[in-house]
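Engineer: Chain order of the listed sequences is A and B. The first sequence maps to residues 29 to 227 in the numbering used here. The second sequence maps to residues 29 to 227 in the numbering used here.
A few of these clues could be false.
As the list claims (entries may be wrong) - Some chain A residues near chain B, calculated using beta-carbon distances under 8 Å:
hint: 1; residue: LEU61
hint: 2; residue: ILE121
hint: 3; residue: THR175
hint: 4; residue: ALA176
hint: 5; residue: LEU199
Said to hold, decoys possible - Straight-line alpha carbon distances no greater than 30 Å define the calculated DSS-like cross-link-like pairs of lysine-lysine that follow:
hint: 6; chain 1: A; residue 1: LYS44; chain 2: B; residue 2: LYS190
hint: 7; chain 1: B; residue 1: LYS44; chain 2: A; residue 2: LYS52
hint: 8; chain 1: B; residue 1: LYS190; chain 2: A; residue 2: LYS52
hint: 9; chain 1: B; residue 1: LYS154; chain 2: B; residue 2: LYS190
hint: 10; chain 1: B; residue 1: LYS154; chain 2: B; residue 2: LYS187
hint: 11; chain 1: B; residue 1: LYS52; chain 2: A; residue 2: LYS44
hint: 12; chain 1: A; residue 1: LYS154; chain 2: A; residue 2: LYS187
hint: 13; chain 1: A; residue 1: LYS154; chain 2: A; residue 2: LYS190
What the hints contain is simulated information worked out from the structure, not anything from laboratory work. Glycine included, C-beta positions come from ideal geometry on N, C-alpha and C.
There are 2 protein chains.
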Amino acid sequence: MKELAEPIRRLIEELKRLPGIGTKTATRLAFHLLRQPPEDVERLAAALRDARESLRTCAACHNLTDQEFCEFCRSESRNRRQVCVVESPQDIINLERTGRYQGLYHVLGGVIAPLSGVTPEQLNIKTLLARLEPNTVEEVIIATNPTAEGDATALYLAKLLKPLGVRVTRLAVGLPLGGELEYTDAGTLQHALDARREL
Amino acid sequence: MKELAEPIRRLIEELKRLPGIGTKTATRLAFHLLRQPPEDVERLAAALRDARESLRTCAACHNLTDQEFCEFCRSESRNRRQVCVVESPQDIINLERTGRYQGLYHVLGGVIAPLSGVTPEQLNIKTLLARLEPNTVEEVIIATNPTAEGDATALYLAKLLKPLGVRVTRLAVGLPLGGELEYTDAGTLQHALDARREL
Chain A
29 MKELAEPIRR
39 LIEELKRLPG
49 IGTKTATRLA
59 FHLLRQPPED
69 VERLAAALRD
79 ARESLRTCAA
89 CHNLTDQEFC
99 EFCRSESRNR
109 RQVCVVESPQ
119 DIINLERTGR
129 YQGLYHVLGG
139 VIAPLSGVTP
149 EQLNIKTLLA
159 RLEPNTVEEV
169 IIATNPTAEG
179 DATALYLAKL
189 LKPLGVRVTR
199 LAVGLPLGGE
209 LEYTDAGTLQ
219 HALDARREL
Chain B
29 MKELAEPIRR
39 LIEELKRLPG
49 IGTKTATRLA
59 FHLLRQPPED
69 VERLAAALRD
79 ARESLRTCAA
89 CHNLTDQEFC
99 EFCRSESRNR
109 RQVCVVESPQ
119 DIINLERTGR
129 YQGLYHVLGG
139 VIAPLSGVTP
149 EQLNIKTLLA
159 RLEPNTVEEV
169 IIATNPTAEG
179 DATALYLAKL
189 LKPLGVRVTR
199 LAVGLPLGGE
209 LEYTDAGTLQ
219 HALDARREL
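Hey, can you work out the whole structure from these sequences and the hints?
Structural biologist: Quick look at the structure:
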C-alpha cells in the first residue's frame with residue numbers, strides 16, 4: 029500500500045484489525061470516512077473512546093454497563109427468582125429480543141475450554157454461586173451455546189448447582205424455525221427427535 | 029436496543045452509518061472493540077481523527093495526500109508525459125497494483141451524471157485542462173468505469189482533449205481473466221468480439 033498517504037494507510041491498518049474486515053473492506057471504509065464531514069468522523073471517534081472508557085462490568089452479573097449495576101440487576105420489574113447464565117453480553121441482546129424472559133442474567137465470560145487453556149477458575153462461576161446464597165433464586169437457566177464446550181460447561185455448572193437445591197435447566201436444541209430437514213445436521217436432528225413433543 | 033448501556037448503543041449507531049455495516053455487524057464490531065485493550069481502541073480513534081484532519085487533495089491531481097502534492101506528482105521517477113484520469117482516489121490503488129503504469133494521475137471526483145445533478149463543472153476538468161497547457165503531456169488515458177455514465181464522461185473528455193493535440197485513450201473492455209463466456213453479459217461479450225486480437 030505504498031501508494032497511499034501515511035494517515036490513510038494507518039487508518040486502513042487499524043480498521044483491518046476488526047473481525048471480518050479484510051484489506052478491501054477496510055480500504056472502502058477508510059475512503060468512505062474520508063468523504064464524510066469531519067463532525068461525523070469525530071462523532072465515531074468519540075463514540076469509540078467513550079464506550080471503551082465508560083463501560084465496565086456489572087458488579088453482580090458481569091454484563092457490560094456504565095454504572096455499578098447493569099439495568100437488569102437494577103430493575104425492579106425483573107423476576108429475581110430466575111438467573112440465565114450466558115457466555116457473553118451479546119447473548120443477552122438476543123435473549124431480550126425474544127421478549128420471553130423476564131429474569132436476571134449472569135455472564136460467564138466464556139466457556140470451559142481446556143484446549144484453549146480456559147479453566148473454570150477463569151470464568152465468573154464463584155460470583156454465580158455467591159448470588160445463589162441468599163436462597164432467593166429458584167431456577168438457573170443455562171444458555172451456553174450448544175457446542176461441545178458449551179455443553180461441557182453446562183454439565184459442569186449443573187453438577188455444582190443442583191446440590192444447592194436450585195432447579196437447573198438448559199435451552200432446548202432442535203430444528204430452527206423455517207429450517208429444512210434436508211439441510212439439518214444429524215446431531216441437531218437427533219436432538220429434535222429425542223425431544224419430540226405431543227401434538 | 030433498550031437492553032444496552034447508552035455508550036454501546038451510541039457506538040453501534042455510529043458504526044451503522046458505515047457502508048455495508050448493518051445492525052448485526054455493528055453490534056459484533058462494538059462488542060469486539062469493547063474486549064480490546066483501551067490502547068487499541070484509542071489507536072483506532074486517533075487514526076480516524078488524524079486521517080480526516082490531515083488529509084487533503086493534491087494541488088495538481090486531486091488525489092488524497094497529507095502534503096501539498098501527492099506522492100505521484102512529487103515523484104521524479106514517474107512518466108510526466110502520461111496522465112491517467114480516474115473517478116476517485118481508490119481507483120489509483122488498483123491501477124498501481126497492476127505495476128503496469130508509470131505515469132501521473134488526475135482524479136475527476138466523480139462522473140457526469142445529469143440524473144444525480146452532477147454536471148461537468150462539478151468535476152475536476154478545468155484543472156485537467158490546465159495541466160495540459162505546458163504541452164508536456166502526450167497521452168491522457170481515461171480510466172472512468174465502463175458504465176453508461178463513465179462512458180459518457182469519457183466521450184465528453186475526449187471531445188475536449190483531442191483538439192489540444194493530445195492522444196486520448198480508454199481502458200479496454202473485454203472478458204475478465206478467468207471469466208466464463210456462459211456467465212458474461214452480452215454487452216461485455218460484444219466488446220470482447222469487436223476488440224478481438226490476432227493470435
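Engineer: Taking the hints in turn, state whether each one holds.
Structural biologist: Structure-based check of all given hints:
1. LEU61: LEU61 (chain A) check passes; min Cβ-Cβ to chain B is 7 Å, inside 8 Å.
2. ILE121: holds (6 Å)
3. THR175: violated (18 Å)
4. ALA176: violated (23 Å)
5. LEU199: violated (18 Å)
6. A:LYS44 to B:LYS190: violated (43 Å)
7. B:LYS44 to A:LYS52: Holds - the C-alpha atoms of LYS52 (chain A) and LYS44 (chain B) are around 18 Å apart, at most 30 Å.
8. B:LYS190 to A:LYS52: It is violated: about 36 Å lies between the C-alpha atoms, which goes past 30 Å.
9. B:LYS154 to B:LYS190: holds (15 Å)
10. B:LYS154 to B:LYS187: holds (14 Å)
11. B:LYS52 to A:LYS44: Satisfied, since the Cα-Cα distance of roughly 18 Å is no more than 30 Å.
12. A:LYS154 to A:LYS187: Holds - the C-alpha atoms of LYS187 (chain A) and LYS154 (chain A) are around 14 Å apart, at most 30 Å.
13. A:LYS154 to A:LYS190: holds (15 Å)
Hints 3, 4, 5, 6 and 8 from the earlier list are contradicted by this structure; the remaining hints agree with it.
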